[in-house]
Each structure stands twice: as structure tokens, then as C-alpha cells.
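S.K.: Sequence:
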Amino acid sequence: MILATYIGRRFLVSLGTILIALLTLVFLVDYVELLRRFSDAEAFTSLIGLKLALMRAPALLEDILPFLFLFSATICFLNLSRKLELVVARGAGVSVWGFLRAPFFLALVIGLASTFLFNPLATELKERSDRIEASLSDGIAASSADAIWFRQEGLDGPSIIRAANYDSSAKELRGVTAFLFNPDGSFQAKLVSLSASYRPGRWIFAKTRYMSGEGAADRFDRYILPTSLTPDQVNLTLLRPDRLSVWTLRRFIDTAAQTGLNTARFTLAFHSLLARPLFLMAMVTVAATVSLRLSRYGGVGKLALTGIIIGFLLYVATEIVSDMGSNGILNPVLAAWSPAVLAMLFGATALLYQEDG
271 MILATYIGRR
281 FLVSLGTILI
291 ALLTLVFLVD
301 YVELLRRFSD
311 AEAFTSLIGL
321 KLALMRAPAL
331 LEDILPFLFL
341 FSATICFLNL
351 SRKLELVVAR
361 GAGVSVWGFL
371 RAPFFLALVI
381 GLASTFLFNP
391 LATELKERSD
401 RIEASLSDGI
411 AASSADAIWF
421 RQEGLDGPSI
431 IRAANYDSSA
441 KELRGVTAFL
451 FNPDGSFQAK
461 LVSLSASYRP
471 GRWIFAKTRY
481 MSGEGAADRF
491 DRYILPTSLT
501 PDQVNLTLLR
511 PDRLSVWTLR
521 RFIDTAAQTG
531 LNTARFTLAF
541 HSLLARPLFL
551 MAMVTVAATV
561 SLRLSRYGGV
571 GKLALTGIII
581 GFLLYVATEI
591 VSDMGSNGIL
601 NPVLAAWSPA
611 VLAMLFGATA
621 LLYQEDG
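Using this note's numbering, read the sequence shown as starting at 271 and increasing by one per residue.
If you're looking for bench data, these hints aren't it; they were derived computationally from the structure. Note that this is a predicted model, so its numbers are computed, not measured. Where a beta carbon is used, it is the ideal one built from N, C-alpha and C, also for glycine. Check the hints yourself; a few may be wrong.
Said to hold, decoys possible - Cut-off 20 Å, straight-line C-alpha distance, at most; resulting in silico cross-link-like pairs (EDC-like, lysine to aspartate or glutamate): (1) K321 to D300; (2) K460 to D488; (3) K460 to D426.
Unchecked claim - Across the chosen pairs, the derived CB separations fall in these ranges: (4) T294 to I494: 44 to 50 Å; (5) G363 to S438: 53 to 59 Å; (6) T287 to V611: 25 to 31 Å; (7) A383 to L317: 50 to 56 Å; (8) I290 to A383: 44 to 50 Å; (9) L295 to V379: 23 to 29 Å; (10) L317 to R492: 33 to 39 Å; (11) I334 to M481: 39 to 45 Å; (12) R306 to S439: 39 to 45 Å; (13) V586 to V379: 23 to 29 Å; (14) L320 to D491: 35 to 41 Å.
Let the sequences and hints guide you as you build the complete structure.
M.R.: Shown next, in the form of C-alpha cells:
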């Protein structure tokens, strides 16, 4: 336990150092981006931008958490190897699994805490920051990556709607552009509005510009667009899984499944959160495969670079599998758990080969 406590303390020091460095970098980049996006908004100030960046930081931290553990474990094990502490431990009969006992335990505890405690907090803060952003610019300044696109049917024909963001509590779209089509598929008109509120069977657009290509644009204080979407379909279509906490996702999936709607995206997000502790442990294992080599053998830098490349490839593979799971190509539960399981098996196989030949 003395050795495990020592290695655990060293791992926490590396984790804290990398956490501060990465979080500072992410915070500064996000803060500069907020200043750029809202520089023309009258109500926006640098203090509001600072508040928004701080509220968005926890959600951004969730995205970089696997890399945080990969880099921290790599640095920790490289330092132990460089100071020959691993040589002493091996001489005392401690195997590689003894070295990993404390990092595994910390990865498990931190992973569980991030899933069940940190994730609801990050989701709530991100939701509040989205509302503040929407109030600053009526949602028009949202980046195209966060924009919502969906197609719907109506009594007057189909339409395609783009919105900057969606407020699920008020069932309201912000920064809305709607392209209206006739029943035969020909273009009818374009609507541009600050907001659109959902009511059963219709969207109510506020302060709308109506452009049909036949003369000057018309303006309406209130424009009603029929829709065939039900309230459950609206939530399932417009809500993003990363906007729901792990506790809300389970209830949302059960409710949506009862209506017969496809919940693959939300099932994937829910099981990805459950698999996070195992994924963090897999990152520690991958780091161990490239950082437990003795420094006097040389090639430590190449091994560390190899670990970073493996982590990047694992991230890309995870994104590909997640896209396949969210689109129904793969079972969403399998898509959520397979990256963590395969990474753990890969790391364990490599360590067994290095340790026992």
C-alpha cells in the first residue's frame, strides 16, 4: 500500500498539472472565440464573456478528459522510469499490474464521479450559458456547427428549418430560418425570424420576414407555420444528447421508447457516460504500454509520441463508431462500450507481452 499510495500521489500531481494546463488553454481559446462572436452585441461585456467561458469550461473538460488521463499517466510513468524508481520496485518483485493499481483506482473513482456528479453540473452550466448567449444575440450568432437542421411536413407542404439553438423548457427555437415548399416540391418562400415557439400542430414565428422572390419582402409580427411533429418528436428531433445529463437521459429514453421513436443517439450518449470509467482506465493502460520502458534503453521520446498517436487514433475510431451507432448502423450499446473494451484489451495484451514475453 505504501508503493501504491506513492504512485497514486505522483499520478495525481501529474493529473493536476496537465489539468491546469489544458483547462487554461481551452478556457483562453473559448474566451477569445466568445469575444469575437459577440463583439457587436450591445449588452456584451468582457465580464459577461468571462462568465460564459467559465460556465462552458466544465463541458469542454468532459471532452478532453480521456486525453487528460493519457498524458498524465504517460508523464507519471516516464518520471518514475527516469528516476529508476521502477527498477527498485521491480527488484522488490512488483509487476506492472502493481504499478497500475493506484492509477486504475483513481481512474475508476474519478470516472464514476465525472459521470454521476460532474456531468449533471456541466450540463446545467452549459444550458445556462446557452440561454445567456441566446439573450445576447437572439441566437443568430451561434456557430454553424451548433446549428439545428430538420425537415417537417405541414398542411401547406414540406419545409426545412434551421435554428441557432433550441430551448427545451420553453420549446422555442432561436435564430430561425425556414424554407417553405409547395406540395409538389417547388420553392415557395423563405422565413427569417428571431424566434419560433412550438404549439401542438404549429410553429409560431415572431417578427418574421417573408421572402417569396415575388417583389419586396413582407414583415409579420406573428406568422403560423403548420407542422405534423408531435411534442415528443420535437424533443427527440431538436434536443442534442450532450445537453442532457446522465440522470435525465435514462428517463428521456424510457419516455421516447414508449412512443415508438428512435432513441439510438440518446442510448449511445447514455452508455458512453456509463463506459467513461472503463475508458479512462483504458487510457492509463495505453499510457503504460509506451512509458514503462527503462530510460537507459533509449527511445523513450519515440514511445511517448507513439502513445499520443495511439490515443489520437483511438479518439478517431471512437468518433467513427459513435456516428455508426447514432445512425443505427451499429447497436448503440455496442458502439458505446466497444472502444473502451477494445482499448483495454489492446493495452492489457501489450503489457502482458512486455512483461511475460
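S.K.: Each hint needs a verdict: does it hold in this structure or not?
M.R.: Comparing the hints with the structure gives:
no. : hint                     : in the structure
1   : K321 to D300             : holds, 11 Å
2   : K460 to D488             : holds, 11 Å
3   : K460 to D426             : holds, 14 Å
4   : T294 to I494: 44 to 50 Å : holds, 49 Å
5   : G363 to S438: 53 to 59 Å : holds, 57 Å
6   : T287 to V611: 25 to 31 Å : holds, 29 Å
7   : A383 to L317: 50 to 56 Å : violated, 31 Å
8   : I290 to A383: 44 to 50 Å : violated, 18 Å
9   : L295 to V379: 23 to 29 Å : holds, 25 Å
10  : L317 to R492: 33 to 39 Å : holds, 36 Å
11  : I334 to M481: 39 to 45 Å : holds, 42 Å
12  : R306 to S439: 39 to 45 Å : violated, 28 Å
13  : V586 to V379: 23 to 29 Å : holds, 28 Å
14  : L320 to D491: 35 to 41 Å : holds, 36 Å
Violated hints, listed in ascending order, are 7, 8 and 12; each of the other numbered hints is respected by the structure.
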